[in-house]
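**Q** Spelled out, the chains give:
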Amino acid sequence: MNWKRSKSNGSGAGLGQRIGYVMAAPYFVHLAIFFGYPLLFAMVLVFHRWDIVTPMEFVGLKNFTRLFHDDLFFRALLNTGLFLVIHIPLQIFVSLFFAELLNSKLKGRSFFRTIYFLPVVVSGVVIAILFQQLFAFETGYINSVLSALGGERIPWLVSPEWAMPTIALMATWKNVGFYIILFLVGLQNIPASMYEVAFLEGATTWQRWTRVTIPLLNPMMVTVVVLSTIGGFSLFIEPYILTGGGPLNSTLTALLYIYNQAFYFGHMGYAAALGLFFALIILIVVLLQRRFVEEDIY
Amino acid sequence: MKKTLGYIALFIGLIAFAYPFVWMVLATFKPEVEIGSLAPFPSVWSLDSYRMVFETIPIGRAFLNSLIVVASVTCSVLFFGTTTAYALAKLKWKGRETAFNIILFTMMVPFMVMLIPLYTLVVSLGWTDSLIGLIVPFMMNATAILILRQSFLTLPTDILEAARIDGCSEWRILFTIVWPLSIPAIVTAGILVFIGSWNEVLWPMMVIRQEEWMTMPQMVALFSVGGGAQSKLGPQLAAAVLLGIPIVVAYLYFQKHFISSLASTGLKG
Chain A
1 MNWKRSKSNG SGAGLGQRIG YVMAAPYFVH LAIFFGYPLL FAMVLVFHRW
51 DIVTPMEFVG LKNFTRLFHD DLFFRALLNT GLFLVIHIPL QIFVSLFFAE
101 LLNSKLKGRS FFRTIYFLPV VVSGVVIAIL FQQLFAFETG YINSVLSALG
151 GERIPWLVSP EWAMPTIALM ATWKNVGFYI ILFLVGLQNI PASMYEVAFL
201 EGATTWQRWT RVTIPLLNPM MVTVVVLSTI GGFSLFIEPY ILTGGGPLNS
251 TLTALLYIYN QAFYFGHMGY AAALGLFFAL IILIVVLLQR RFVEEDIY
Chain B
1001 MKKTLGYIAL FIGLIAFAYP FVWMVLATFK PEVEIGSLAP FPSVWSLDSY
1051 RMVFETIPIG RAFLNSLIVV ASVTCSVLFF GTTTAYALAK LKWKGRETAF
1101 NIILFTMMVP FMVMLIPLYT LVVSLGWTDS LIGLIVPFMM NATAILILRQ
1151 SFLTLPTDIL EAARIDGCSE WRILFTIVWP LSIPAIVTAG ILVFIGSWNE
1201 VLWPMMVIRQ EEWMTMPQMV ALFSVGGGAQ SKLGPQLAAA VLLGIPIVVA
1251 YLYFQKHFIS SLASTGLKG
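Each protein sequence line maps, in turn, to chains A and B.
The first sequence begins at 1 in my numbering and counts up one residue at a time.
The second sequence begins at 1001 in my numbering and counts up one residue at a time.
Isolated chain B, as found in the complex (with noise of 0.2 Å):
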């Protein structure tokens, strides 16, 4: 009996949680007079939706766009985030345990007083309506160096050291021995890159007014909002789905990592 509510209750929590992408998948086949029934098939299966949004907008454009931009930032955090986050863990350095507390620092400023003067600064290096602004101001991140020093934590010192005294310089200690052991770190953070850097939607509309570097992002809420969409409702939704496609695809092959990705930003705080 209770376990039989329990499958209710998750069934209803299964329906909440799913039905409204399907709706919204199978809405943007419908033409635009069924949207708003309550059929759950389109009567015809049309393209129109799909077709109005690629006449429109530049959208493949703005998939390049945030392909460079999230393969760009992610490869930087990863790289400069191992190499800090190895110097913080097992290099000797004066001012090693000062620059860790920096790093702490910077993670509880809250973003919102950075936001207007990194805008201004990023306008003075003539850095808008262009990749590099969306890029460069990104390369680094500091949850990323907290997750991969933690790991880096844990390796045996004894492994280190031996490869030193084979004569190993440091870069390939790090590239070669610290790199393979730590691969659920390294996916752990860039995980958590990914998404957040293929979601970023604040900062583009601060800094990309032309159509050409908008990534999806962007470009899609602005289809929504700034009547590209001419108010119909099923090329807003096409647009939607295709912006949501990618991560979610990408979810569902690593669902595992991406919900312990994400929930390891909750459980360290």
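Next comes chain A alone, as it looks inside the complex (with noise of 0.2 Å):
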């Protein structure tokens, strides 16, 4: 190895160059094979048929053609959609409350925090069975008590109307600890000095609401719509376990599509395309939100 001579150059343009590179190949070779191989693939394998025992046959645009006549493809991408709708305001609206109680003077703020954070650590499998025998049709506990206390029961998981709004709940309730963090960092921000302007000019709480706390978070929303976008686009297990995608393929979602059409049906290449897609979907979404939902505050 050579870096001891290197060393001896002195200090200077010279130094640390070969190192450098030694200190960052193991990197970048581990990232041409496992992410630009696949990715020069992934362009390749869009255009076969293929089920990884036979070999590869070239189909052309077969496989986007397919897509586009694919009524799964589509139900997959409103039923994120419809779980983007509810997910995402009610995150927001309930994060930052939890966000603004934890910022004030109470007494036990980091005891609340701690636990309010703990479904965010545990894994998704967890949660998922822990929430399909709370929302269980007949044995289930909120069932139990919504007709204990005279309700109906609801068919949660059961009923194509109910499963995604449900999963969109359940993903709510793992997630919104983590972005109760991220509001509150972002209220830390907000300068003093601003809320003090507000008060000597006269704001009313919901002015002082409206007009300096929600415009200046705007940075911390644009972080936390892109990531519940992503999130959505990214559920996986919770409708795997919950409903297996049922019921009448209310709650398929892109990767539980993707991952269907590869390992029931060994599509590799439509699986692949399907993969391409959704994630030039999730890059679209994204670019159309950073530029609606962002502000320029400053």
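Quick caveat, the hints were computed from the structure, so don't treat them as lab data.
All values derive from a computational prediction rather than experimental measurement.
The beta carbon of each residue, even a glycine, is placed where N, CA and C say it ideally should be.
Heads up, a few of these hints could be off.
What the hints assert, rightly or not - Rough simulated footprint, nothing fancy, chain A against chain B, three-plus residues with beta-carbon under 8 Å:
| # | stretch |
| --- | --- |
| 1 | 1018-1025 |
| 2 | 1147-1153 |
| 3 | 1217-1224 |
| 4 | 1238-1245 |
Quick one: dock chain against chain with the hints and give me the complex.
**A** Dropping the structure here:
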């Protein structure tokens, strides 16, 4: 190894030249094999039919034409859209509410914060098994409480109308702790002088919120919206355990559909094409969100 | 008055976020027929649910597999992460900026694009149904590099220069000077990788079919879905508790680090 020699060059431009390459090399070799190659291969795979066992067969654009006529592809998109429409506002509302509470001078804040954050670190598998039982139609705790209070049992996971909203509710419950922390940081970054000015000008609590807090939290809002969106497209184990994508494909998600195409039907080429398309859609959605949610606040 | 309302809200939140876990743990000790009931405590404390888990699936083996995978991935990410981050932050070499931009680019590519081709690559390497297939593709991690690089950039170059003049090799500088000064960043990156690796379930579901190579999340998920639990509620919950315990214990022990570590992924974005 040559690093001793390069060091003896003394200070200046030559310093660390070789050793820099040596130290960074393993990462980039790994990157070439496990990122670069698959990325290039994806571009090949999408034009082929392949079940991994028999040789690849070139099919041109067939995977794409099929995709545009695939009801389940659009169904998965629609389901994800529904998930996001419920999940994002609910997430923002609940986490902002608790962030504001935890930002005030109440005792035991760090204890509450610790507990609220608990679902964030726990595996989605645990959460899904837990919710499956809590929200079960006959034996579930939630429905038992509802019927004990004289209400009707809700078909949380067994009706096509309720299943996706229930999953959105669960995902919100799991992630709120994370977004509370982000909003807390955002709130603490708002200069106190801003509130003082608002106070001196006689702003009401509501005005203080809508004119100071919300606008100044905009960067965090963007982060929350973008991360939730990526999370929505990455839903997999939750519907896999809770509903298997049903009832009537009402909880089929992007990843679940890719997984099914690849591993139940052995359509690697089509699954890769789906992956590529969902990824493009994610990028477009995130760009649009950045465009429309992000404001230049300073 | 306002304060009281604040506390009431905080306590409602406490119940909403903590009680489901409490219910779950208590339910695992209930006889099967009592799980649907509203009574918080079991009438008889029973270990049957756990017994069934241990008798039906090799959960101990899965725990060991998880441990091996998580330890290998975390150590590797931290070792190669620090060498790469150090090269990017404190060493001068041609192409350094390009290299950094490549790393940023990899983070923008949604992993859905990579999923299937990465799987076929692992198949052709013959790594399905092995821990190698769970470890090697994830031995490097761009987020960890960004966190470590950010921290290394703040270290004063004078110290490093002084060490170089004293004849220290860059490796010694990295491991005896830079590492001890960057513990917070290493902990942040380490926890992030640890959580992600412990909870990872999609990738194992793709590359592992044989029970003996499954990690805990996959085995517990399949136990619940695949009929191993024979639709019994108690054992499913017991398996979930066993999967959750290690991370919850680690979290309660290092809670501040966990929170700031995970938050850092959002705050950078």
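**Q** Can you give the numbers of the hints that this structure goes against, from lowest to highest?
**A** Number 2 only.
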